[in-house]
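Novice: Here is how the chains run, residue by residue.
Number of protein chains: 2
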Amino acid sequence: MSAQAAIAEKTTVINGLNVQQALDTIAALKADKSLAQFRFRAKNRWISGGENRSTIKGFYGAGAEDTSRTKPFEFTNGEPPVLLGDNEGANPVEFLLHALAGCVTTTFVLHAMARGIVIRELSTELEGDIDLQGLLGLDETVPAGYRQIRIKMHVKADCPDEALNDLLAYTQGHSPVCNTVCRPVPVVIERA
Amino acid sequence: MSAQAAIAEKTTVINGLNVQQALDTIAALKADKSLAQFRFRAKNRWISGGENRSTIKGFYGAGAEDTSRTKPFEFTNGEPPVLLGDNEGANPVEFLLHALAGCVTTTFVLHAMARGIVIRELSTELEGDIDLQGLLGLDETVPAGYRQIRIKMHVKADCPDEALNDLLAYTQGHSPVCNTVCRPVPVVIERA
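Just so you know, the protein sequences line up as chains A and B, in that order. Heads up: the first sequence begins at 4 in the numbering used here, then just goes up one per residue. Heads up: the second sequence begins at 4 in the numbering used here, then just goes up one per residue.
Relax, there's no trap hidden among the hints.
For identical chains, the list gives no copy identity; a pair is met inside one copy or between any two copies.
Derived BS3-like pairs (lysine-lysine); straight-line CA-CA distance at most 25 Å:
1. Lys74 <-> Lys46
2. Lys155 <-> Lys60
3. Lys74 <-> Lys60
4. Lys46 <-> Lys159
5. Lys74 <-> Lys155
6. Lys155 <-> Lys46
No lab work stands behind these hints, which were simulated from the structure alone.
The following block holds chain A by itself, in its conformation from the complex (with noise of 0.2 Å):
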């Protein structure tokens, strides 16, 4: 069933999306490509050793400032206790893996109501290898990241294999963060 199909029949909401709000917008962005532009934001406050915290909460997009948010969401990054932390909170290699399976995930759900494929149930399974050796600086030709991520996919539908495959293979293309991380992104640190 395709997303006009599904409103053909009066189907509103698709894998908990509102079929009807995502056409209107992606509508308005193709009369407007400035609507497409979007700006996020985070705060971040170092509090000791390797705890620190942030706060997330406007962010400009869709031709305004977003003021959705009544107040703001608070993170703690941590480290465990090898790592010279008391596990005050996740830590960034850690919430980094949250925010890859939180993206690919959406982007499969967003394209799949596209697709006007329902779907039943999706987890997935991530883990990634690092070598310190990078981030302490004692091998120069050792990267400080993520050597590969690697993501394991469960996922229920009401369609065929095939279908699946192709939608996932769109996902990796599509997906912000998982780009963010195959490709690379200029980062630009400068002094207040």
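Could you slot chain B onto chain A? The hints should help.
Specialist: Only chain B this time, still in chain A's reference frame:
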């Protein structure tokens, strides 16, 4: 003051980090490089629409499976109304900024300790630009991910400006999340 000098002066903690433990860790990794191999993990479960939840608990590192966490960390991805959600949580590209902020901060503080630099205050502001035409597949020449991420760092420390600038440049090259974003990192996605 170098870390070695700190120990000679019986200073055991710099920037909230135990100097002796850090030196012991580095000595152990130098003696056996296999101890530097870490594998981090996350599990994620889709809830509905743009809402999904990760649990993060165990990881492998320093030659063993870590057992320091008695219960998992849980984080919820969501989307704001303009992106078809209900602000169930920060969204994945915002969590990526949180991960990046935390990693740059911890890397800075760690290498400050190694150089004997005492940090008084440290905070960052991040912003990143995304063109949603990429995610939506409206223009295949537009990358789905961040075009650029900017970090403004506010830091007060007991050292000359030049030493902080030098430390910041070193941090950019040695932060695992920053390196994962700046460098193309392979993401392998497979269905279970």
